[in-house]
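**Student:** Next come the chains, spelled out residue by residue.
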Amino acid sequence: MARQEKKKDVVIVGLGWTGSIAGIELCREGLEIVALERGHDQSTVPNFEYPQQIDELKYGVRLKMMQKPSQQTVTVRRNDGETALPYRSLGSFLPGNGVGGAGTHWNGLNWRPQPEELRLRSYVAENWGEEIIPEGMNLGDYPVSYDEMEPFFTHFEKVAGISGKAGNVNGEIREGGNPFEGWRSEDYPMPPTATTYDSSKFQEACLAAGYHPFPAPAGIASTAYTNPYGMQMGPCNFCGFCERYGCYQYSKSSPQTAILDALKMQPNFSYRTESEVLRVELAEDGKTATGVTYWDHKAGEEVFQPADIVILSSYQLNNVHLMLLSGLGEAYNPLTGMGTLGKNYAYQMNGGVSMFFKDENFNPFVGHGANGMCIDDFSVNQNDFGALGFIGGSYWRSGTFNGQPIRNMPLPKGTASWGAGWKEGIGEWYGHAMSIGSHGSHMSYANNHLDLDPTYKDKHGRPLMRMTFNWQDNDLRMNQYMKSQMEPLAASMNPDVMQSGFKGIGAQYDVRPYQTTHNTGGHIMSANPTEGAVNKFSQTWKAHNVFAMGAGNFVQNTQYNPTGLVGGLAYHTVHAIRTQYLSNPRPLV
Amino acid sequence: MTDIPGLPSRRSFLKASAAGMALSGLALPAAAQTKPAPVSLDDYSPEYLTADEWAFVMAATARLIPSEGDGPGALEARVPVFIDLQLAGDYGTADDWYMEGPHDANAEPARGWQTPLNPAQVYRQGIPAFNAWCEETYQAEFAALEPAQQDEALTALQKGEVGLPAEVRDFFTILLANTKEGYFADPQYGGNFEMQSWVYIGFPGARAAFREWPTRHNVKYPLGPVSISGERA
Numbered sequence: 006m007a008r009q010e011k012k013k014d015v016v017i018v019g020l021g022w023t024g025s026i027a028g029i030e031l032c033r034e035g036l037e038i039v040a041l042e043r044g045h046d047q048s049t050v051p052n053f054e055y056p057q058q059i060d061e062l063k064y065g066v067r068l069k070m071m072q073k074p075s076q077q078t079v080t081v082r083r084n085d086g087e088t089a090l091p092y093r094s095l096g097s098f099l100p101g102n103g104v105g106g107a108g109t110h111w112n113g114l115n116w117r118p119q120p121e122e123l124r125l126r127s128y129v130a131e132n133w134g135e136e137i138i139p140e141g142m143n144l145g146d147y148p149v150s151y152d153e154m155e156p157f158f159t160h161f162e163k164v165a166g167i168s169g170k171a172g173n174v175n176g177e178i179r180e181g182g183n184p185f186e187g188w189r190s191e192d193y194p195m196p197p198t199a200t201t202y203d204s205s206k207f208q209e210a211c212l213a214a215g216y217h218p219f220p221a222p223a224g225i226a227s228t229a230y231t232n233p234y235g236m237q238m239g240p241c242n243f244c245g246f247c248e249r250y251g252c253y254q255y256s257k258s259s260p261q262t263a264i265l266d267a268l269k270m271q272p273n274f275s276y277r278t279e280s281e282v283l284r285v286e287l288a289e290d291g292k293t294a295t296g297v298t299y300w301d302h303k304a305g306e307e308v309f310q311p312a313d314i315v316i317l318s319s320y321q322l323n324n325v326h327l328m329l330l331s332g333l334g335e336a337y338n339p340l341t342g343m344g345t346l347g348k349n350y351a352y353q354m355n356g357g358v359s360m361f362f363k364d365e366n367f368n369p370f371v372g373h374g375a376n377g378m379c380i381d382d383f384s385v386n387q388n389d390f391g392a393l394g395f396i397g398g399s400y401w402r403s404g405t406f407n408g409q410p411i412r413n414m415p416l417p418k419g420t421a422s423w424g425a426g427w428k429e430g431i432g433e434w435y436g437h438a439m440s441i442g443s444h445g446s447h448m449s450y451a452n453n454h455l456d457l458d459p460t461y462k463d464k465h466g467r468p469l470m471r472m473t474f475n476w477q478d479n480d481l482r483m484n485q486y487m488k489s490q491m492e493p494l495a496a497s498m499n500p501d502v503m504q505s506g507f508k509g510i511g512a513q514y515d516v517r518p519y520q521t522t523h524n525t526g527g528h529i530m531s532a533n534p535t536e537g538a539v540n541k542f543s544q545t546w547k548a549h550n551v552f553a554m555g556a557g558n559f560v561q562n563t564q565y566n567p568t569g570l571v572g573g574l575a576y577h578t579v580h581a582i583r584t585q586y587l588s589n590p591r592p593l594v
Numbered sequence: 019m020t021d022i023p024g025l026p027s028r029r030s031f032l033k034a035s036a037a038g039m040a041l042s043g044l045a046l047p048a049a050a051q052t053k054p055a056p057v058s059l060d061d062y063s064p065e066y067l068t069a070d071e072w073a074f075v076m077a078a079t080a081r082l083i084p085s086e087g088d089g090p091g092a093l094e095a096r097v098p099v100f101i102d103l104q105l106a107g108d109y110g111t112a113d114d115w116y117m118e119g120p121h122d123a124n125a126e127p128a129r130g131w132q133t134p135l136n137p138a139q140v141y142r143q144g145i146p147a148f149n150a151w152c153e154e155t156y157q158a159e160f161a162a163l164e165p166a167q168q169d170e171a172l173t174a175l176q177k178g179e180v181g182l183p184a185e186v187r188d189f190f191t192i193l194l195a196n197t198k199e200g201y202f203a204d205p206q207y208g209g210n211f212e213m214q215s216w217v218y219i220g221f222p223g224a225r226a227a228f229r230e231w232p233t234r235h236n237v238k239y240p241l242g243p244v245s246i247s248g249e250r251a
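Line by line, the protein sequences give chains A and B.
Here our numbering runs 5 ahead of the position in the first sequence, where the first position is 1.
Here our numbering runs 18 ahead of the position in the second sequence, where the first position is 1.
In case anyone wonders, no lab produced these hints; they're calculated from the structure.
Footprint (simulated), chain A over chain B, 3 or more residues, beta carbon under 8 Å:
{"hint": "1", "segment": "77-88"}
{"hint": "2", "segment": "122-135"}
{"hint": "3", "segment": "217-224"}
Below, a list of computed lysine-lysine pairs in the DSS-like style, where the Cα atoms sit at most 30 Å apart:
{"hint": "4", "chain 1": "A", "residue 1": "Lys-418", "chain 2": "B", "residue 2": "Lys-238"}
{"hint": "5", "chain 1": "A", "residue 1": "Lys-292", "chain 2": "A", "residue 2": "Lys-13"}
{"hint": "6", "chain 1": "A", "residue 1": "Lys-488", "chain 2": "A", "residue 2": "Lys-170"}
{"hint": "7", "chain 1": "A", "residue 1": "Lys-363", "chain 2": "A", "residue 2": "Lys-488"}
{"hint": "8", "chain 1": "A", "residue 1": "Lys-163", "chain 2": "A", "residue 2": "Lys-269"}
{"hint": "9", "chain 1": "B", "residue 1": "Lys-177", "chain 2": "A", "residue 2": "Lys-508"}
{"hint": "10", "chain 1": "A", "residue 1": "Lys-363", "chain 2": "B", "residue 2": "Lys-238"}
{"hint": "11", "chain 1": "A", "residue 1": "Lys-69", "chain 2": "A", "residue 2": "Lys-464"}
{"hint": "12", "chain 1": "A", "residue 1": "Lys-418", "chain 2": "B", "residue 2": "Lys-177"}
{"hint": "13", "chain 1": "A", "residue 1": "Lys-11", "chain 2": "A", "residue 2": "Lys-292"}
{"hint": "14", "chain 1": "A", "residue 1": "Lys-418", "chain 2": "A", "residue 2": "Lys-508"}
{"hint": "15", "chain 1": "A", "residue 1": "Lys-73", "chain 2": "A", "residue 2": "Lys-462"}
{"hint": "16", "chain 1": "A", "residue 1": "Lys-269", "chain 2": "A", "residue 2": "Lys-12"}
{"hint": "17", "chain 1": "A", "residue 1": "Lys-63", "chain 2": "A", "residue 2": "Lys-418"}
{"hint": "18", "chain 1": "A", "residue 1": "Lys-508", "chain 2": "A", "residue 2": "Lys-363"}
{"hint": "19", "chain 1": "B", "residue 1": "Lys-53", "chain 2": "A", "residue 2": "Lys-63"}
{"hint": "20", "chain 1": "A", "residue 1": "Lys-303", "chain 2": "A", "residue 2": "Lys-464"}
{"hint": "21", "chain 1": "A", "residue 1": "Lys-63", "chain 2": "A", "residue 2": "Lys-303"}
{"hint": "22", "chain 1": "B", "residue 1": "Lys-238", "chain 2": "A", "residue 2": "Lys-170"}
{"hint": "23", "chain 1": "A", "residue 1": "Lys-63", "chain 2": "B", "residue 2": "Lys-238"}
{"hint": "24", "chain 1": "A", "residue 1": "Lys-13", "chain 2": "A", "residue 2": "Lys-464"}
In this text, a Cβ means the ideal position worked out from N, Cα and C, and glycines have one as well.
Bound-form chain A, shown alone:
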């Protein structure tokens, strides 16, 4: 029989960005809170200290900050006719592990969605008619608007410490910022970081082409900064070790740098690591949860943690898995369209061009994860979907990051992959290449969904979650359009050699190469209980005292990195809990 812990007001499942936000905001209401974290504890000191953190093999290649598939993984198939096979070793996506979650090892790109992306179905219908929506695409509107979300985006940017340049402050377009972004009530908390050589070349080429370059919005401190919780960041020194690493110098935005030390000082907050939640327990009437059952790895036993409110704030895939295992909704059936859990799993459609300049020096190791200049001239709200034949868009970026040689050794096509030719190639080209990336939207489709696997089990005997996912023509057409527009721009920069990498029609999902850890959907927000798993406040339709936060809420993925929207939605949710739910616990919609 499970050990039982003392009841808490709130139990938080997963102590990454959204769990930390829920913790610190609900602490202010005087609630007794415990956070349960599956992984280990980790802090800037000692876990991310110099020089041990500057280890490409350990963190960049052996992925020691990441969730181990031996702990938890999924099975993957490309369509309903295939047998799903386990994602046994990490490749395509890298969920985090331990306190801070994926927020410790991200690159720091912090975007807001465009207003049109939050009401994309309506935007399409108004401009081109619903008939341009391809069959099988579950195109939707978010049940929250950009205007409702704006204060929460702004607040998250202050907490996270974002550097950038506003392009639209209360409707006034500002030179040098992104003219196509949604309105901002204020400029960024910090000015942009310095511009590296590749970024400045890209910027010049964009200006010459009539585009509108602006600095990437970066969760990377450009100055000394203190956030609203009193947490301090120091300016980034472009060490180059962001993605897959913890930041050794308090410059990259993360739960550690932005929230956790302030949260740990709260007397009504505690957290337990190596505490892996196995399921949410529902009351007999199925309308509320009574708490969660978790596995205490240190004690080697199951524990029941009763609580009045359950916050699911683990990684998107793990949130959906827990909800499926706990009956927090019905599993989505792509044939009937019934059920909501696992619906609208989406990803990201990316491509890029590499350029080689044999006489120029880019020092690719000088950079940070959110370095660079961007353009939004080919973004969702700039594209004529009807004329172009796809729904979506992308932002482009150029800026050095991850210039470490095991993972980042771009060589001109035709260079041998080993032998004397390879060795000559690395000597000739390392440090003499730059790239432009296209980071594109990914729509939701009936064919791409999550459910429980019939065969494979985890250590606790629970079924693994099964991902059914493949690339779809709409997004591939978008990607090919970006190729057709990016290649002439790259050519205008006169590289000695250039080459493109864009998936085309017929591309099959390959789990081996790293693509992105922007897994979205599966417990999407909706205006009514038949279309999604949670309402606009991330409150589950099934049990009103269970809130599920994170990118699982995304109706379809945007063209941007998800953290800005994840953070904004988390603040939107905790605001609703504080101002509407605590005084009268009930379904808020």
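Could you slot chain B onto chain A? The hints should help.
**Tutor:** What follows is chain B alone, placed relative to chain A:
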């Protein structure tokens, strides 16, 4: 210093000489020269690999990153030591991976690692299978072949033309990946000896502090690498 293809001149010399690097013509700072030289590759006692496997890894990595031309080869970088230590550790045993059955080793490559074997077992079964193909094709095992034949054999292995069992299908893929890892990883893992690979391409290793460098456009960074343990080169 160049190698003469087909003659066992330089590689044998390097293997035989613990002081091979100091004599190879690369300038080394005083700090590096005063460190005791590590055991020569010929005298090295592998942690995981058997003698036959070690001979194969020495011979194969010497072709994957040859000694001739600019920059160190895999043997100068002590890549075989790196591979041995990795296979003896939690990479070799796939401790972090999900290895529960059922396994479908014949699944198409895009489905990822599906063999029931861990990387250490793939080397253990892949080396004799490949050597058997070399015996059949060239009447000698891989390590005894001439460099040109070795290159030909490795090319066939890379292209999937040697008829390996599905369970070890990814042998060449991990052999090549591990070779490059050992070439570029921090020296604490046994390869990238004296950071020669970093010196060769101009990567500054664990310096990780470039505050004034983002705005120095098109200027080559001047300092050589440091390692995690504080060595300089």
